[in-house]
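Peer 1: The letter at position 51 of the sequence shown is residue 50 when you use numbering that gives the first Met the number 0, and the numbering goes up by one with no holes.
Think of the hints as simulated: they come from the structure by calculation, not from any bench. Backbone N, C-alpha and C define an ideal beta-carbon position, used for all residues, glycine too. Do not take every clue at face value.
[Unchecked claim] If you anchor each label on the Cβ, the simulated ranges turn out as follows:
1. Glu158 <-> Val131: 30 to 36 Å
2. Thr1 <-> Ala149: 29 to 35 Å
3. Glu115 <-> Glu141: 24 to 30 Å
4. Arg4 <-> Arg152: 40 to 46 Å
5. Gly105 <-> Arg76: 24 to 30 Å
6. Pro57 <-> Thr119: 20 to 26 Å
7. Asp51 <-> Glu173: 27 to 33 Å
8. Gly105 <-> Leu134: 26 to 32 Å
9. Arg4 <-> Ala150: 19 to 25 Å
10. Glu171 <-> Leu97: 15 to 21 Å
11. Ala150 <-> His55: 41 to 47 Å
12. Ala145 <-> Asp104: 18 to 24 Å
13. Pro57 <-> Glu94: 35 to 41 Å
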Amino acid sequence: MTRVRRGMIHGRFQPFHLGHMEYMRAAAGRSHELFVGITNPDPTRIRHEPSDPARHLPESNPWTYAERLLMVKAAARDLGLDLARVHVIPFPVNEPELWPAYVPDGVTQYLRLFSEWGGTKLERLRDAGYEVVVLDQGAEKEISGADVRAALREGGDWESFVSPAVAQVIRELERVPV
Numbered sequence: 000m001t002r003v004r005r006g007m008i009h010g011r012f013q014p015f016h017l018g019h020m021e022y023m024r025a026a027a028g029r030s031h032e033l034f035v036g037i038t039n040p041d042p043t044r045i046r047h048e049p050s051d052p053a054r055h056l057p058e059s060n061p062w063t064y065a066e067r068l069l070m071v072k073a074a075a076r077d078l079g080l081d082l083a084r085v086h087v088i089p090f091p092v093n094e095p096e097l098w099p100a101y102v103p104d105g106v107t108q109y110l111r112l113f114s115e116w117g118g119t120k121l122e123r124l125r126d127a128g129y130e131v132v133v134l135d136q137g138a139e140k141e142i143s144g145a146d147v148r149a150a151l152r153e154g155g156d157w158e159s160f161v162s163p164a165v166a167q168v169i170r171e172l173e174r175v176p177v
């Protein structure tokens with residue numbers, strides 16, 4: 000497998016769960032540097048997406064950009080990644096015209112396709128001229144952020160869905176999402 004100079008993953012990471020860890024591990028293994036784009040970084044700029052009708056709702060976005068950044072860095076530590084080669088950036092996925100301000104040139108975008116929304120992202124990224132590599136083609140989504148948020152709200156076993164360091168970040172935030 001050839002390693003690219005710069006790879007990128009992205010997501011809302013509400014919260015950063017074990018499925019995201021697999022995504023990060025796969026892209027990091029293929030990249031010298033990994034950019035992790037946190038989508039919906041600014042709650043005032045979130046837009047409705049027809050291919051994912053719940054992604055703009057407040058209950059789907061309980062954590063701030065800064066809180067999710069802490070989760071991403073904690074997850075990268077749990078994976079044993081060199082934090083000097085992992086860069087967390089805002090990624091306004093619904094505003095492609097802003098991407099050049101955030102995403103460095105020459106980045107290979109890595110995607111996991113589990114839904115119609117994945118197809119929308121794939122199309123946007125290709126239209127913007129990025130090389131896109133689809134990871135885990137045909138795999139089924141095993142964990143969703145909605146599952147983790149529901150377990151948190153209901154007092155269930157949410158910690159089994161996240162890495163130990165991410166669980167620590169969530170506990171330190173001392174609040175349960177709505």
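Peer 1: A separate judgement is required for each hint: does it hold in the structure or not?
Peer 2: Hints versus structure:
1. Between Glu158 and Val131 the CB atoms are about 33 Å apart, so this pair conforms to the stated range of 30 to 36 Å.
2. The supplied range of 29 to 35 Å is broken by Thr1 and Ala149, whose beta-carbon atoms lie about 40 Å from each other.
3. Restraint check, Glu115 to Glu141: a C-beta distance of roughly 18 Å breaks the suggested window 24 to 30 Å.
4. Our hint of 40 to 46 Å for Arg4 and Arg152 holds, since their Cβ atoms are close to 41 Å apart.
5. Between Gly105 and Arg76 the C-beta distance comes to about 26 Å, which sits within the given range of 24 to 30 Å.
6. The hinted window of 20 to 26 Å between Pro57 and Thr119 holds, with their beta carbons roughly 21 Å apart.
7. As the Cβ distance of Asp51 to Glu173 is approximately 29 Å, the hint placing it in 27 to 33 Å holds.
8. Roughly 19 Å separates the CB atoms of Gly105 and Leu134, a value that falls outside the hinted 26 to 32 Å.
9. In this structure, Arg4 and Ala150 break the distance hint of 19 to 25 Å, their C-beta atoms being roughly 38 Å apart.
10. Separated by about 31 Å at the C-beta atoms, Glu171 and Leu97 break the suggested range of 15 to 21 Å.
11. With their beta carbons about 22 Å apart, Ala150 and His55 fall outside the hinted range of 41 to 47 Å.
12. Between Ala145 and Asp104, the C-beta spacing of about 35 Å breaks the proposed range 18 to 24 Å.
13. For the hinted restraint 35 to 41 Å between Pro57 and Glu94, the CB-CB distance of approximately 19 Å leaves it violated.
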